[in-house]
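Going down the list, the protein sequences come from chains Y, S and F.
Under numbering that gives the first Met the number 0, the first residue of the first sequence carries the number 0, and numbering increases by one thereafter.
Under numbering that gives the first Met the number 0, the first residue of the second sequence carries the number 0, and numbering increases by one thereafter.
Under numbering that gives the first Met the number 0, the first residue of the third sequence carries the number 0, and numbering increases by one thereafter.
Incorrect hints may appear among the rest.
Claimed, not checked - In silico lysine-lysine, DSS-like type, Cα no more than 27 angstroms apart, as pairs:
id : chain 1 : residue 1 : chain 2 : residue 2
1  : Y       : K347      : S       : K250
2  : Y       : K354      : S       : K74
3  : S       : K74       : Y       : K142
4  : Y       : K337      : Y       : K155
5  : S       : K119      : Y       : K167
6  : S       : K119      : Y       : K142
7  : F       : K41       : S       : K250
8  : Y       : K302      : Y       : K54
9  : Y       : K337      : Y       : K354
10 : S       : K119      : S       : K108
11 : S       : K74       : S       : K114
12 : S       : K66       : S       : K114
What the hints assert, rightly or not - Covered by chain S, per the in silico footprint, the following chain F stretches (three or more residues, Cβ under 8 angstroms):
id : region
13 : 114 to 123
14 : 191 to 205
Claimed, not checked - Listed next, with one range per pair, are the computed distances between beta-carbon atoms:
id : chain 1 : residue 1 : chain 2 : residue 2 : range
15 : Y       : S218      : F       : G333      : 50 to 58 angstroms
16 : S       : T138      : Y       : K92       : 33 to 41 angstroms
17 : F       : D85       : Y       : N50       : 56 to 64 angstroms
Rather than coming from a laboratory, the hints here were simulated on the basis of the structure.
The beta-carbon is built from N, C-alpha and C at its ideal position, and this holds for glycine as well.
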Amino acid sequence: MTRTRTMLAAFAVGLLTSTAALAGDVRIMWYSDGIEGEVLKDLIDRFMKDNPDIKVTIDNVSYSVVREQLPVQLEAGDGPDIARVTNLKALSKHWLDLRPLVADAAYWDKNFGDQADWMRPDGTDQISGFMTQITLTGGFANKTLFEQAGVALPGKDATWDDWAKAAKQVAESQQIPFPMALDRSGHRITAPDIAFGANYIGADGKPAPLDEGSKAFISKFIGWIEDGTMSKDVWVSAAGSTYRAGADDFINGQVAFYYSGSWQVPNFSTKIGSNFDWVATGSPCGPANCTGMPGGAGLVAIKYTKNPKDVAKVMDYLASEPVVKEFSERTLFLPAHKGVIEKGLDFKTDDAQAKTALGIFVTATTSLADLARKLPGWPWSDTIYGALVTRVSQAAAGEMTLDEAYSRIDADIAAKVKDSAL
Amino acid sequence: MSRAIEFVFRRRGGKGWHWTDIVTWVWLIVGLFVMFGPAVWLTASSFKSPAALAEFPPTILPYVTQKVTVEGYDKPLDLYTATLEDGSTATLAEVRRIGTVSQMVYPEKPAEIVKVNIAKRTPVRQMSFATENYTEPFTHFDFVRYLWNSVFVTVTATLITLVVNSMAAFALSKYEFRGRTFAMLLILATLMVPLSVIMVPLYSIVSALGLFNNLWGVILPTVATPTGVFILRQYMLTIPDELLDAARMDKASEWQIYWRIILPLTAPALAVLAIFSVVWRWNDFLWPLIVLSRKELYTLQVGLSIYSGELNVQWHFILAMTVVTMIPVVLVFLFLQRFITTGIAGTGLK
Amino acid sequence: MAEISRQTSQNRTGQSLGEIAMVPVRLAMGVIDAPLRWVQKKFGLGGMAVFFLLPNMLIFGIFVLLPFFINFAYSMTGGTALFLSDRTFVGADQYSRLFDCSNYANPNTCAEDTFWTAVGNTGWFVILQVTLMIAVSLITALILNRDLMARSFWRAVFFFPVLLSPVVVGLIWKWILQRQGLLNFGLFGFGFDPHVWLNDRNWAFAATVGVSIWAHMGFYTLIILAGLQAIPKDLYEAAEMDGTRAMRVFSRITLPLLMPNLLVVIVLVLIRAVQIFDEVYVLTGGGPGTSTLFVTQYIYETGFAAQLRNPGLAAAASILMGLVLVVLTLVQLGLSRSRDKKGARK
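Isolated chain Y (complex conformation) (with noise of 0.2 angstroms):
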């Protein structure tokens, strides 16, 4: 038995070594929310042909893996070789610092270099890697709704009162059961916070308790959620800080007004359809201003990988212009290179809504504001974002009256902070 235990522990070895990187091996963790992980494979098979000495594996993986796996990996000093990741920030000193390996960086600072905070330490000038999309968040109507029922579209600078109001006219005549929608997130709970005033960021750089702003906003949602204008069913579908959205609803004619984002765009060209016609409006107004969230997905390096000359080439291939315009193009994502951006995108539809909504949503990201801008680079972005959804949520079950709420968030988050000091 114990030599039984011997080969094992043998064979046990000789898996590790066979699983163990080679020179020239790069593996890429890549979570998908459409097609674009085949894209990828597109791309990664051309630049293998072009680099036989560079063997480069997509590890398709969910997000939650790259969510709540990747990070305690990443601790233990695991993982890929390249990662795409959203939480950018918050993981930043795993990330290597590409400057020195690219072959151009100047090419990388001039077309990434907008994004380039949201990945690297703070105060450092670190190339990490670069956004594979930018997403921004921003409205969805149903406009065959508001045609059947003749109320007109609220306008550009129409607010979220404005919004409201309108879709609530339109539920009640086409009997809908949500005149409006809003996904489970704290990233989009954000956007109308910032524009009823919000401000997040502490004068410590750390997180401030829950302003006038916040406030004004949340009140006015769990009070919407409470009569009926808001959906109810998105936000109370999950405990914690599970993100759920409320696509679906919008897809199946539900929801007249839908806040989500511009990722939702290929989603709904599949899906809807010519079943109705929608348009994407933009981020409602609030007192403050009418700004939507920019977020979005990051491709970075890892500095535990063992061929980092490897990474880099692969790095500057797929921040490639070409490559990052065929990238978009076929994804319909919006891309981050300003090359790209400035040079405009053939998006790969033959959707003309798809293709309008796009173009609103590129538009849009001129128009943010500066907290927007800066929140996705703040190391404790996520940190408010779920404590904002937890408790919320909890707040839209009838679980816990408005105050509680306020104070079991700032409770919340300061508890993370005194956490982390430790």
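With chain Y's structure known, arrange chains S and F on it following the hints.
Chains S and F alone, transformed into the frame defined by chain Y:
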């Protein structure tokens, strides 16, 4: 036929319908639907297109709008049954829709446009199985590899489980030694610690042993199952000690006693443990998801999860792949159900 | 009679299966025997006991026990670091944080209100789960114990979900209870408006209880059925001759003789119910609000899934949960011991 019915609904003592007979059959029939219905519904749903999955009210079988090729239009057009202004109905193809007005044509007379309010048209639908839900994942992903990994993990883990658990159970049931009760208590106590609770420390151990991204990192933590030791020990306790003593008189070594006498006599319990171990290891999800993040190491259950994105979950693929992972379990069930169900009753679980 | 013939046929199948599996092992076993005889000579039977116990205890020690102790150490430390060596010692801070409440009757006044909500939910879940599971399994077992046509088929029907993975179970039911699901479709046919079952506090909670009964009842039904079949038939025949009513037969004969099996079932259901996680996580994610958030999910999210993990707090919560489970184990041991004393059949 009537005799068959009489036979099926054979009653207690044959003295007319007792109320318990009615309860029995209502319970059984409802049970049949409640137990099998959900899995059948899942399977039916897995053949629907993404758009059909989002639809309410849903249909039992997958339907899509019928399309027709009309002269003068490049793409096939959707067919609708429309109510015209004169109240008659006709089957029309939709050319485009502007707001609430649909522009339609008769498929046989493509030149003439008819305007219909969209409330007055319903799509003509036909059944269509979205087999691409199955075929696409198979072509894009290394299904065979995932399958092999799943089989490897399942078989290896089960074999190791059987060997180490039966050895431990033998020691715990047939030897008197100091610390036996303590060892038994220890095993029993951990019977109740769910994996999700010791995840973080377990991860740090697996990582420190270099078993991260290694199939052994999935196999080893699961094999020393307290349940297995418990079941086997209970069963071995029923084996008379006289058998062992007789063998010892014949100069059999302890090892020979273990594998020549104890193991064969424990076979029914071992078989039940084997079946459960196979099913457990096949179904394991959370732990493999944590340990395996390289695609050549994915098990089927992990491979299935990659369709959950950040902002969008591709349900049509997830449903189809779930059905695929269910197939081996259903097969085990079909062929071994009699054995499993009587086996559980026969082992130490009494 | 039927019992005996089944027993032997099952033994035969088991043996022939075992036989096949043993063939490649046979050789290895012979080779191993020689060194072991030496071990036996040198260390005696006690040495052999250690040898037999060793592989299991080694794996068990490394992958189950050690994490358990590390967890205990975690619960005394703070911060977000993963490795114990990087963590700060904070003593009992994590425990006092869990117990930091201004009013113990109201979880909302606690610093970790979600933990206590989860504890409350789990408590309710356990109570409902145990009573309903016993009731449903018992009724099913009684029915399956009758003189039925195709009994093994019916037994299989109720056992089928036991083989499904928790993820699949959660997914299946989510697919039925959601807005576009089968249940709403059925109700829609009767003219009801669609209802989002899982977003309604009470329905969602009921669904978690119902779904886990659905998934596990087959297993417990079989255990109870085994007990029912061990009850001597002549007892029933005598009762029937006396013209005793069915309910009375049940309460006077069936129930008392079934007690040992029912106890096992109660304890097993109890332990599983305290640990409930996977299928609920997939089904409701703990919502709506926190109404189906259970302790294991709280621990998983706090220690592993949250953006800023707090493994210390999670570990402290899991130690508390472990304590409760140990108490339950002791109760089980006490019960089975008193049962043995009474001289039960085995």
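Hints versus structure:
1. K347(Y) with K250(S): Measuring from Cα to Cα gives roughly 81 angstroms; hence the hint is violated.
2. K354(Y) with K74(S): 19 angstroms, holds
3. K74(S) with K142(Y): 25 angstroms, holds
4. K337(Y) with K155(Y): 26 angstroms, holds
5. K119(S) with K167(Y): 25 angstroms, holds
6. K119(S) with K142(Y): 18 angstroms, holds
7. K41(F) with K250(S): OK: K41(F) and K250(S) at ~16 angstroms, within 27 angstroms.
8. K302(Y) with K54(Y): Cα-Cα ~18 angstroms, so holds.
9. K337(Y) with K354(Y): 20 angstroms, holds
10. K119(S) with K108(S): Status holds; Cα separation ~21 angstroms.
11. K74(S) with K114(S): 20 angstroms, holds
12. K66(S) with K114(S): 19 angstroms, holds
13. 114 to 123: violated (count 0)
14. 191 to 205: Violated - the region 191 to 205 of chain F has 1 residues with a Cβ nearer than 8 angstroms to chain S, which falls short of three.
15. S218(Y) with G333(F): 50 to 58 angstroms: Check passed, 54 angstroms falls within 50 to 58 angstroms.
16. T138(S) with K92(Y): 33 to 41 angstroms: Roughly 39 angstroms apart at Cβ, these two residues keep to the hinted range, so it holds.
17. D85(F) with N50(Y): 56 to 64 angstroms: 38 angstroms, violated
Hint violations for this structure: numbers 1, 13, 14 and 17, all remaining hints satisfied.
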